[in-house]
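Student: Sequence:
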Amino acid sequence: MTRVLNKLSDRKVKTEERPGRHADGGGLYLEIKPSGSRAWLFMWKAGGKRTAMGLGAYPAISLAAARDKAADYRRIVARGGNPLVESKTEAVPTFGAVADKLLGSMEKAWKNAKHRDQWYYTLSRRRDEDGKLTKEGYCLELIGKLVDQVTTEDVLLVLSPIWAEKAETASRLRGRIENVLAYAKARGWVQGENPALWRGHLSTLLPKRQKLQRGRHAAMPYPDVPTFMVALRNRPAISARALEFAILTAARSGEVYGARWSEIDIDKAVWTVSAARMKAGREHRVPLSTRTVEILRELHAVRLSDDGFVFPGQKIAEPLSSNAMDALLQERMKLPQFTVHGFRSAFKDWATDETHHQREIIEAALAHVIGDGAERAYRRTDALEKRRRLMEDWASYIDGSSSNVVAFNPRSATA
Numbered sequence: 001m002t003r004v005l006n007k008l009s010d011r012k013v014k015t016e017e018r019p020g021r022h023a024d025g026g027g028l029y030l031e032i033k034p035s036g037s038r039a040w041l042f043m044w045k046a047g048g049k050r051t052a053m054g055l056g057a058y059p060a061i062s063l064a065a066a067r068d069k070a071a072d073y074r075r076i077v078a079r080g081g082n083p084l085v086e087s088k089t090e091a092v093p094t095f096g097a098v099a100d101k102l103l104g105s106m107e108k109a110w111k112n113a114k115h116r117d118q119w120y121y122t123l124s125r126r127r128d129e130d131g132k133l134t135k136e137g138y139c140l141e142l143i144g145k146l147v148d149q150v151t152t153e154d155v156l157l158v159l160s161p162i163w164a165e166k167a168e169t170a171s172r173l174r175g176r177i178e179n180v181l182a183y184a185k186a187r188g189w190v191q192g193e194n195p196a197l198w199r200g201h202l203s204t205l206l207p208k209r210q211k212l213q214r215g216r217h218a219a220m221p222y223p224d225v226p227t228f229m230v231a232l233r234n235r236p237a238i239s240a241r242a243l244e245f246a247i248l249t250a251a252r253s254g255e256v257y258g259a260r261w262s263e264i265d266i267d268k269a270v271w272t273v274s275a276a277r278m279k280a281g282r283e284h285r286v287p288l289s290t291r292t293v294e295i296l297r298e299l300h301a302v303r304l305s306d307d308g309f310v311f312p313g314q315k316i317a318e319p320l321s322s323n324a325m326d327a328l329l330q331e332r333m334k335l336p337q338f339t340v341h342g343f344r345s346a347f348k349d350w351a352t353d354e355t356h357h358q359r360e361i362i363e364a365a366l367a368h369v370i371g372d373g374a375e376r377a378y379r380r381t382d383a384l385e386k387r388r389r390l391m392e393d394w395a396s397y398i399d400g401s402s403s404n405v406v407a408f409n410p411r412s413a414t415a
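Read in order, the letters of the sequence shown are residues 1 to 415 in UniProt numbering.
None of these hints come from the bench; they were simulated from the model.
All of these numbers come straight from a predicted model, not from anything done at the bench.
Please note: incorrect hints may appear among the correct ones.
Taking lysine-lysine pairs in the PhoX-like style, the calculated list, with each CA pair at most 20 Å apart, reads [stated by the list, open to error]:
no.: 1; residue 1: Lys14; residue 2: Lys33
no.: 2; residue 1: Lys166; residue 2: Lys101
no.: 3; residue 1: Lys208; residue 2: Lys279
no.: 4; residue 1: Lys315; residue 2: Lys348
no.: 5; residue 1: Lys348; residue 2: Lys268
no.: 6; residue 1: Lys145; residue 2: Lys101
no.: 7; residue 1: Lys33; residue 2: Lys12
no.: 8; residue 1: Lys108; residue 2: Lys279
Label pairs and their in silico Cβ distance ranges [as the list claims (entries may be wrong)]:
no.: 9; residue 1: Lys45; residue 2: Pro161; range: 52 to 58 Å
no.: 10; residue 1: Val302; residue 2: Gly81; range: 53 to 59 Å
no.: 11; residue 1: Glu16; residue 2: Ser171; range: 54 to 60 Å
no.: 12; residue 1: Glu153; residue 2: Gly81; range: 37 to 43 Å
no.: 13; residue 1: Thr151; residue 2: Gly25; range: 37 to 43 Å
All residues carry an ideal CB built from backbone N, CA and C; glycine is no exception.
Using the sequences and the accompanying hints, generate a full structural model.
Tutor: Laid out in structure tokens, this is it:
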């Protein structure tokens, strides 16, 4: 007979008032006392004897955390162990082990591989070429430290060296450290205030910053993009076609890496990116310029699958590495001062400075959410054809401005 799990809901746990034991399944119970207090119990039978143990009070221990603990104890029972005994000897895990558990629980939430890799890297759990975790990055000093031993001073030791130089990275890193420690607290490994909490805590210890910068790398000035494209088109690599496609569509890197043939209608010159792959969580249709369609037709002729990646990696079933375009731009083309994301800024600057296209159309081309809810509700269409004219103008600007270019001079693009 199949064991039914997860019978309770967060709302049920919060609002149930009847005293007694309420089963979630698999030996996990929410026990409500006549006083209204709530606590978790795990019950199992061994040798004909029924045993119960407490897992902690609610809401200090959430439903999700209680289920995690119950799952651990079911495995102990399955191998003939005693959870009551083994839980007393369970060691508090290290910060690195908790980070791995948190990241593992988030695997289905990543919108793209690059987003996942950013989390792994900032938490010092970068993957090498074989997929193994390595100990590099910003949190190296925290990795081997028991999670209940991490202090405010430890967090400051990580953040202070990059707080002013890499403001955006530091801000994201702080938030991710806070998430790891919050996960540890939910599992019962940490007590008290979160050492990485910002408001009312680190906000009083770290200097105030100016508006977050967009990393250390500037966007390439749009007058230099046509020149750059000449050099790019002379490169036969798949990463070069991906970068050219990204520039022409003004798309985010993750959207380009994850592009599949099933998303693209070459005949209608439209690329439809699902809501699940978009930063704003909304489906986004991208009108494809004539040059973009040419790129796709060339790649389509040698595709191996109608649902495969448009820009496959060395393993055909996988997309290009999430740093392939940046590596091409910064290392092989010797332009370390620029990022792929910066071409979106170049596109916006060009469209704003050099064209009469409406601001709303420009922002829509970048898949930015504009206006309040009421305004968006009255905007019934995504202005695809207006955006198509904008993207054709962008492609024509790149081609037209580069017609007389002889060679690309990296030094001319450093302004």
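Student: Each hint should be assessed against the structure and marked as holding or not.
Tutor: Results for each hint:
1. Lys14 <-> Lys33: Holds. Lys14 to Lys33 sits at ~14 Å (cutoff 20 Å).
2. Lys166 <-> Lys101: violated, 27 Å
3. Lys208 <-> Lys279: violated, 28 Å
4. Lys315 <-> Lys348: violated, 34 Å
5. Lys348 <-> Lys268: At roughly 25 Å apart (the allowed maximum being 20 Å), Lys268 and Lys348 break the hint.
6. Lys145 <-> Lys101: holds, 15 Å
7. Lys33 <-> Lys12: Judged against 20 Å, a Cα distance of about 15 Å means the pair holds.
8. Lys108 <-> Lys279: holds, 15 Å
9. Lys45 <-> Pro161: 52 to 58 Å: Given range 52 to 58 Å: holds, Cβ gap about 54 Å.
10. Val302 <-> Gly81: 53 to 59 Å: holds, 55 Å
11. Glu16 <-> Ser171: 54 to 60 Å: Because 39 Å falls outside the window, the suggested range is violated.
12. Glu153 <-> Gly81: 37 to 43 Å: holds, 38 Å
13. Thr151 <-> Gly25: 37 to 43 Å: holds, 39 Å
Of the hints listed earlier, those the structure fails to meet are numbers 2, 3, 4, 5, 11, in rising order.
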